[in-house]
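Engineer: Assemble chains B, C and D onto chain A, guided by the hints.
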Amino acid sequence: MKKLDRNQLAARVARDIPDGSIVNLGVGLPTLVANHLPAGREIVIHSENGVLGVGPRPAPGEEDEDLINAGKEPVTLIKGASFFHHADSFGMIRGRHLDFCVLGAFQVSVVGDLANWNTGAPDAIPAVGGAMDLAVGAKQVLVMMEHLTKAGESKIVERCTYPLTGARCVNRVYTDLAVIDVKPDGLHVVETVDGLSFEELQRLTGVPLKRLATAA
Amino acid sequence: MKKLDRNQLAARVARDIPDGSIVNLGVGLPTLVANHLPAGREIVIHSENGVLGVGPRPAPGEEDEDLINAGKEPVTLIKGASFFHHADSFGMIRGRHLDFCVLGAFQVSVVGDLANWNTGAPDAIPAVGGAMDLAVGAKQVLVMMEHLTKAGESKIVERCTYPLTGARCVNRVYTDLAVIDVKPDGLHVVETVDGLSFEELQRLTGVPLKRLATAA
Amino acid sequence: MIDKLVASPQAAVADIPDGATIMLSGFGNAGMPVALIDALIAQGARELTIINNNAGNGDTGLAALMKAKRVRKITCSFPRQPDSWHFDALYRAGEIELELVPQGTLAERIRAAGAGIGAFYTPTAYGTKLAEGKETRRIGDRDHVLEHPIHADYALVKADRADRWGNLVYRKTARNFGPIMAAAAKCTVVQVRETVELGALDPEAIVTPGIFVQRVVRVH
Amino acid sequence: MIDKLVASPQAAVADIPDGATIMLSGFGNAGMPVALIDALIAQGARELTIINNNAGNGDTGLAALMKAKRVRKITCSFPRQPDSWHFDALYRAGEIELELVPQGTLAERIRAAGAGIGAFYTPTAYGTKLAEGKETRRIGDRDHVLEHPIHADYALVKADRADRWGNLVYRKTARNFGPIMAAAAKCTVVQVRETVELGALDPEAIVTPGIFVQRVVRVH
Numbered sequence: 000m001k002k003l004d005r006n007q008l009a010a011r012v013a014r015d016i017p018d019g020s021i022v023n024l025g026v027g028l029p030t031l032v033a034n035h036l037p038a039g040r041e042i043v044i045h046s047e048n049g050v051l052g053v054g055p056r057p058a059p060g061e062e063d064e065d066l067i068n069a070g071k072e073p074v075t076l077i078k079g080a081s082f083f084h085h086a087d088s089f090g091m092i093r094g095r096h097l098d099f100c101v102l103g104a105f106q107v108s109v110v111g112d113l114a115n116w117n118t119g120a121p122d123a124i125p126a127v128g129g130a131m132d133l134a135v136g137a138k139q140v141l142v143m144m145e146h147l148t149k150a151g152e153s154k155i156v157e158r159c160t161y162p163l164t165g166a167r168c169v170n171r172v173y174t175d176l177a178v179i180d181v182k183p184d185g186l187h188v189v190e191t192v193d194g195l196s197f198e199e200l201q202r203l204t205g206v207p208l209k210r211l212a213t214a215a
Numbered sequence: 000m001k002k003l004d005r006n007q008l009a010a011r012v013a014r015d016i017p018d019g020s021i022v023n024l025g026v027g028l029p030t031l032v033a034n035h036l037p038a039g040r041e042i043v044i045h046s047e048n049g050v051l052g053v054g055p056r057p058a059p060g061e062e063d064e065d066l067i068n069a070g071k072e073p074v075t076l077i078k079g080a081s082f083f084h085h086a087d088s089f090g091m092i093r094g095r096h097l098d099f100c101v102l103g104a105f106q107v108s109v110v111g112d113l114a115n116w117n118t119g120a121p122d123a124i125p126a127v128g129g130a131m132d133l134a135v136g137a138k139q140v141l142v143m144m145e146h147l148t149k150a151g152e153s154k155i156v157e158r159c160t161y162p163l164t165g166a167r168c169v170n171r172v173y174t175d176l177a178v179i180d181v182k183p184d185g186l187h188v189v190e191t192v193d194g195l196s197f198e199e200l201q202r203l204t205g206v207p208l209k210r211l212a213t214a215a
Numbered sequence: 000m001i002d003k004l005v006a007s008p009q010a011a012v013a014d015i016p017d018g019a020t021i022m023l024s025g026f027g028n029a030g031m032p033v034a035l036i037d038a039l040i041a042q043g044a045r046e047l048t049i050i051n052n053n054a055g056n057g058d059t060g061l062a063a064l065m066k067a068k069r070v071r072k073i074t075c076s077f078p079r080q081p082d083s084w085h086f087d088a089l090y091r092a093g094e095i096e097l098e099l100v101p102q103g104t105l106a107e108r109i110r111a112a113g114a115g116i117g118a119f120y121t122p123t124a125y126g127t128k129l130a131e132g133k134e135t136r137r138i139g140d141r142d143h144v145l146e147h148p149i150h151a152d153y154a155l156v157k158a159d160r161a162d163r164w165g166n167l168v169y170r171k172t173a174r175n176f177g178p179i180m181a182a183a184a185k186c187t188v189v190q191v192r193e194t195v196e197l198g199a200l201d202p203e204a205i206v207t208p209g210i211f212v213q214r215v216v217r218v219h
Numbered sequence: 000m001i002d003k004l005v006a007s008p009q010a011a012v013a014d015i016p017d018g019a020t021i022m023l024s025g026f027g028n029a030g031m032p033v034a035l036i037d038a039l040i041a042q043g044a045r046e047l048t049i050i051n052n053n054a055g056n057g058d059t060g061l062a063a064l065m066k067a068k069r070v071r072k073i074t075c076s077f078p079r080q081p082d083s084w085h086f087d088a089l090y091r092a093g094e095i096e097l098e099l100v101p102q103g104t105l106a107e108r109i110r111a112a113g114a115g116i117g118a119f120y121t122p123t124a125y126g127t128k129l130a131e132g133k134e135t136r137r138i139g140d141r142d143h144v145l146e147h148p149i150h151a152d153y154a155l156v157k158a159d160r161a162d163r164w165g166n167l168v169y170r171k172t173a174r175n176f177g178p179i180m181a182a183a184a185k186c187t188v189v190q191v192r193e194t195v196e197l198g199a200l201d202p203e204a205i206v207t208p209g210i211f212v213q214r215v216v217r218v219h
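Protein chains in written order, with numbering that gives the first Met the number 0: chain A, 0 to 215; chain B, 0 to 215; chain C, 0 to 219; chain D, 0 to 219.
Here chain A stands alone, though its shape is the one from the complex (with noise of 0.2 Å):
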């Protein structure tokens, strides 16, 4: 089977955001979504620390230290953005007028849990910053993974065993092995990467899966 790289990975989850969305894409793996949104597609990127209409990477010796994403990047604006303070940020994301977000995660249960902001260690510093906000708040939660661990363990569980982010949250995950909807009725199957049966991907995720009638 050909995993996705993920820039791969990045470009399966823009196809899928329509012309219009109005997106926040999480720190890390999800910021790369930007890049490979298509073309023809107007599409609003939201940055939870207060700017609608972010826009491309600065051309280096261009960067502004006053204009940032919510992974502090430099950014810059396309027409038609607009700056709000933070607890306006907060109240588009809770008041669910995000389209999407796109967020990264340890784990995603059967029932659309998610694990993405502690792994519970002990000795770990514990940071949740927006990921619980964007969680309950935007319409559709996507997430973006690989689907086994270094050790070769599903990422989509059971049950989480790392800290919650949200329960119930999770709408779609996108992972270098396939495209899983998350419903009442259990995990749908949307599509496998090439080579890849779905036998195989109900064997290497554990947790029993639905085949859609579209998936490969």
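Warning: the hint list may mix true and false statements.
[As the list claims (entries may be wrong)] In silico lysine-lysine, BS3-like type, Cα no more than 25 Å apart, as pairs:
no.: 1; chain 1: D; residue 1: Lys185; chain 2: B; residue 2: Lys138
no.: 2; chain 1: A; residue 1: Lys138; chain 2: C; residue 2: Lys185
no.: 3; chain 1: C; residue 1: Lys66; chain 2: B; residue 2: Lys138
no.: 4; chain 1: A; residue 1: Lys138; chain 2: D; residue 2: Lys128
no.: 5; chain 1: A; residue 1: Lys71; chain 2: D; residue 2: Lys66
no.: 6; chain 1: C; residue 1: Lys66; chain 2: B; residue 2: Lys71
no.: 7; chain 1: A; residue 1: Lys138; chain 2: A; residue 2: Lys182
no.: 8; chain 1: B; residue 1: Lys154; chain 2: C; residue 2: Lys128
no.: 9; chain 1: A; residue 1: Lys154; chain 2: D; residue 2: Lys128
no.: 10; chain 1: D; residue 1: Lys72; chain 2: A; residue 2: Lys71
[Said to hold, decoys possible] Sample of chain C residues at the chain B side, in silico, Cβ under 8 Å:
no.: 11; residue: Asn28
no.: 12; residue: Asp87
no.: 13; residue: Ala88
no.: 14; residue: Leu99
no.: 15; residue: Gly177
no.: 16; residue: Arg217
[Claimed, not checked] Quick look at which bits of chain D chain C covers, simulated, 3 or more residues with Cβ under 8 Å:
no.: 17; region: 59–69
no.: 18; region: 134–142
Since the hints were derived computationally from the structure, they do not count as laboratory data.
This structure is a prediction, so every number in the text was calculated from the model and none was measured.
For every residue, glycine included, the Cβ atom is placed at its ideal position computed from N, Cα and C.
Structural biologist: For chains B, C and D alone, coordinates are given in the frame of chain A:
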């Protein structure tokens, strides 16, 4: 005795507003206070419909229907003015950022309960506006009213018979007869108008009054 | 491409059904979306629940909607005015329901809807008739009343300028309830004096970001 | 006359006592009031409770305050960063208390303090470790957590321009927590790049009205 007329009463209230204060003037009688603010003091008038820095009435023909006060009268701005939306405006009020509000009243009780929005008459159409927010929000709630009803009854009462605007919220009452502080141990007469003795004021008012050292 | 510009007030309100809950911006006449209300009257929707600070003035705008008997219920802070005769007549005839809310609580309940707050405690109205039957709680040294958000199906808002994304700026005290109502409704329809090119509004000075707006109509 | 301009950062923070609760604006370094923090370090106040989104980056600003061991407790959403070494060391040594709050809840709690809201219900963090021990309530079809305001004795805020009333405008994403912290503190001290004549800021575009500001310092 020399009862104060409306303008004298407004001037008496205005005298007590220190330089640098932020003040909300209730609809009706309290609005007159703006005309009597002592020269040389910089006082910022807040209007709950979203403006700080209200100026005088515009010259005839210069009214702007988009620039009004809470009484829906045309106003102007002074330098330093700012606009904001209604939730922010009432956040200022409720969050105790206003130094003073001046409200009219039907009744004030001996513990500082305020009744100024509804006579309780069965056929009256009730309307509260921002009075309840101002009553709980301003750092100092000043009431200005006639001391007696048309029937000669005291509007300072043991217990309000009209529906309350706020409980234990009034700090000071200015009437056409006297200035009275509401304190935890009762009503203290700060001053009376020329020719009105404390004893006569006590007789007219009914509820127990205390005499301040400074009272006339 | 995002283009929220709609050709006419008629088109902008065409889908509002009977029984809808509608927020109308404005404080008195300042900020009242009269062109959209006129289109709503012509459109014919009935049994509406209206949220506004007042209950109409004179014979235009909200007062005209009242006069046409399209309003089943109004939530407001200050219905009684010298020229609120259409509301007064309906109220005295028992033909309209009134929910009276202190103005700051009204604003905060609308703001809570837009910001996804489930409920909040406010000191306003504690111990008064307007808090009767409401849950209360002492927090610190103050008594509070529990208040819930006010959501709406539609918000009809008047702003000054807009771009095709629906970014808005207002004019003076006509701003009032516009920004919070825009965020609290499922579908926000805005009438503006002027539409401008995308990028023409200063990002630092946009008051309502386009995320809260679904339709924009330029009114002449 | 109202004149909130103060001559120096030193003068602006001179009265901050040991044990004070202080909000610091900024998201990472954007909007962090470094000159005021430097003055606070020089001033010497200890045992501070700090509210900020982060817990310091590198060796300047909040990180320097941490390094100087002036912070007893920090309330923030995201302490762990590649360059948060001063916080990390204090935390691992058990020398600092951490209250971790989801970012939107942090912002809303600060906003609630400024707006006089006693408490509010938010869906954020329901069912997670960060809501453990907190009161919950089902409202409609969602579970919520009860959250309380965060007040402060002082807010140290960075803005771009101010007038003598303390009216403020910010610059780009450096706005972040400034406006809500300014409203939540008893005494708000602002460092700005530029001071302007009263009347020079557009009333439509002022982000923080001067009512929320006590002191303004121009920093060169």
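Engineer: Looking at the structure, which of the earlier hints fail to hold?
Structural biologist: Hints 3, 13, 16 and 17 are the ones this structure does not satisfy, whereas the remaining hints hold.
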